[in-house]
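Asker: Line order of the protein sequences matches chains A and B.
According to the numbering used here, the first sequence is numbered sequentially starting from 38.
According to the numbering used here, the second sequence is numbered sequentially starting from 38.
Check before you lean on any hint, since a few could be wrong.
[Unchecked claim] Taking CB as the label site, the calculated pair distances span: (1) L469/A / D66/B: 26 to 32 Å; (2) K171/A / D66/B: 42 to 48 Å; (3) K88/B / G337/A: 34 to 40 Å; (4) D90/B / I312/A: 46 to 52 Å; (5) A76/B / K383/A: 38 to 44 Å.
[Claimed, not checked] Not the full set, but computed from the structure, chain B residues with beta-carbon under 8 Å of chain A: (6) G52; (7) D66; (8) A76; (9) V79; (10) I86; (11) L99; (12) Q107; (13) D108; (14) L118; (15) D121; (16) H123; (17) C126.
Because the hints were derived from the structure by calculation, they are not lab data.
All of these numbers come straight from a predicted model, not from anything done at the bench.
Where is the CB? At the ideal position from N, CA and C, for every residue including glycine.
Residue-level listing of the chains:
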Amino acid sequence: MKKIRIGSGAGYAGDRLEPSLELIEKGKLDYIAYECLAERTIAIAQLAKLKDPSKGYNPLLEYRMNEALPLAFKHKVKIITNMGAANPVAALELVANIAKEKGIKGIKIAAVFGDDVFPKLDKYKDATVWETGKTLAELNGELVSANAYLGAEGIVKALQDGADVVITGRVSDPAIFIAPLIYEFGWKMDDWDKLGKATLVGHLLECAGQVTGGYYGDPGKKDIPEPWNLGFPLAEVNENGDAFISKVPGSGGIVSEASCKEQLLYEIHDPSGYITPDCVADFSRVHFEQAGKDVVNVYGASGKAHTDFFKVSIGYKDGFIGEGEMSYGGPNCISRAMLAREIVDKRLKIRKLEYDELRTDIIGVDSLYRNSTSPLASQPSEVRLYAAARCKTREEAAKIGNEVETLYTNGPAGGGGATARVSEIISVASILVPRQDVKPELVVKELK
Amino acid sequence: MKLWEIAHSRTGDKGNISNISLIVYKKEDYDMVRAKVTAQVVKRHFKDIVKGDVARYELPGLGALNFVMQDALGGGVTRSLAMDKHGKCLSSYLLEIEI
Chain A
38 MKKIRIGSGA GYAGDRLEPS LELIEKGKLD YIAYECLAER TIAIAQLAKL KDPSKGYNPL
98 LEYRMNEALP LAFKHKVKII TNMGAANPVA ALELVANIAK EKGIKGIKIA AVFGDDVFPK
158 LDKYKDATVW ETGKTLAELN GELVSANAYL GAEGIVKALQ DGADVVITGR VSDPAIFIAP
218 LIYEFGWKMD DWDKLGKATL VGHLLECAGQ VTGGYYGDPG KKDIPEPWNL GFPLAEVNEN
278 GDAFISKVPG SGGIVSEASC KEQLLYEIHD PSGYITPDCV ADFSRVHFEQ AGKDVVNVYG
338 ASGKAHTDFF KVSIGYKDGF IGEGEMSYGG PNCISRAMLA REIVDKRLKI RKLEYDELRT
398 DIIGVDSLYR NSTSPLASQP SEVRLYAAAR CKTREEAAKI GNEVETLYTN GPAGGGGATA
458 RVSEIISVAS ILVPRQDVKP ELVVKELK
Chain B
38 MKLWEIAHSR TGDKGNISNI SLIVYKKEDY DMVRAKVTAQ VVKRHFKDIV KGDVARYELP
98 GLGALNFVMQ DALGGGVTRS LAMDKHGKCL SSYLLEIEI
């Protein structure tokens, strides 16, 4: 029975590079897919593209491809990635230049796009925004981007055209893993059960180290060998869609039933109805079975037809966050930090700060769980005041950090390490648009 | 005993919604955890953090529960004023529940 081996090269935009190189070299892979595009990343990439039309792709694309491309070419591993972000065509040109510099000949590089629906956003003025419950027309703030989550279709076409490297804009995270399976096994785009199984493979791989013992360790409870050498996962998938999840022998981390379960339930909400562009996947009857050291057999996913819509993420400017921090240590440090908090609160009132929301925390006491936690069993030896506010203008937001800083000469004894920061908020609003409105587009470049 | 003794957990976020899994180490603990850690118990435990409803999905085959908490992240990762904007640390707080 035919089997395909797919590795996961990155689980987020800034992920480690070495584990993906190890996979390409030693994983006997057919494909490696790099998932590098979070919900808001594409809006930020769009702003970069507005400043410089040759930019707007993942800032680490060049760093990654300088290393990964020659290695993948040598080992005959195809690369699929959403590092194209807001500008897959510019990313294609960059990768083509890297290939030329490295003397790589006889490869095809594809860019998949069509996800950008910003120019036709006027059509959807009356669409309901999930986050606000109001129409898109009522959204406050300058809109900067709008991208549909496409499925595997465009990537499958690129592979059918012979692409060795496929660079996409916004597609669903699992799609970059689903597409090679559809292409290699000749699955139909409406074989929902197969797509459900492929979605499971993609979902387990898309966060890279999160299924191989990354984001998992808890000393004494869940001990992980050599997390500094964490191996990234690979899946060996057969034409029925069943898979073995593993990693390169000798790398750090673990692959166990428990590590797979944590990743299975990650961000999926209803396990029996995980909605993706390619299908509605059902993970409720998935089984994991340890098949060897760091090898887990996974089966039992299924799927139903996809919906008639694509989800579109709209990026918009949503004001500014101002922040300030100051540390206190030694005897009575919590009381001094609480006095500092009271001073900052009162000062911001006196200065009539205009804000949408203001929050002050004491790191070490109540920054994560507010007042929910039980009283402290022992006094920490140091704490840190954290003040933040969301404001309409940069000038207002700057007042928070300034007021925290003035604690140096006006506040409680022994405060140190003040920091202040203002950042612009790019928020995301989600709407649904009819599926037929959005079609993937494709450019393929051959280097002879 | 804290849940931490017998179960592990991971948090993920989508917009202003927090998704927390709860997975028992040993299958024999599943029925007890399922009986005790209801959606209401979790909603009460997170009362100062989660403003919306809590739904629970059961996965007996895996020995796991999946909690979906609405209006849980101060507006979501882009605009929340929390240090932990994703609510990633909420999984550890779930494991604080005494059973």
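Asker: When the nearest CB of chain A is found for L118/B, is that gap smaller than 8 Å?
Answerer: holds, 4 Å
Asker: Does the CB of D108/B sit less than 8 Å away from some CB of chain A?
Answerer: violated, 10 Å
Asker: Measuring from beta carbon to beta carbon, are D90/B and I312/A in 46 to 52 Å?
Answerer: 19 Å Cβ-Cβ, so the 46 to 52 Å window is violated.
Asker: For the hint 34 to 40 Å, verify it against the beta carbon of K88/B and that of G337/A.
Answerer: holds, 35 Å
Asker: Note whether the CB distance of K171/A and D66/B lies within 42 to 48 Å or breaks it.
Answerer: Distance hint for K171/A, D66/B holds at roughly 45 Å.
Asker: With chain A as the partner, please determine if A76/B meets the hint condition of a C-beta pair closer than 8 Å.
Answerer: violated, 13 Å
Asker: Do the numbers back the hint for D121/B, that is, is its least Cβ distance to chain A under 8 Å?
Answerer: holds, 6 Å
Asker: Can you tell me whether the CB distance of A76/B to K383/A sits inside 38 to 44 Å?
Answerer: Once the Cβ atoms are compared, 40 Å apart, the range 38 to 44 Å for K383/A and A76/B holds.
Asker: Double-check D66/B for me: the hint is only fine if its C-beta lies closer than 8 Å to a C-beta in chain A.
Answerer: violated, 13 Å
Asker: Does the Cβ-Cβ separation between L469/A and D66/B fall within 26 to 32 Å?
Answerer: Given range 26 to 32 Å: violated, Cβ gap about 40 Å.
Asker: Against chain A, is Q107/B within 8 Å by beta-carbon distance?
Answerer: Nearest chain A Cβ about 10 Å off; hint violated.
Asker: Interface hint check: G52/B, Cβ to nearest Cβ on chain A, cutoff 8 Å. Holds or violated?
Answerer: holds, 6 Å
When held up to the earlier numbered hints, the structure conflicts with 1, 4, 7, 8, 9, 12, 13, 16 and fits the remainder.
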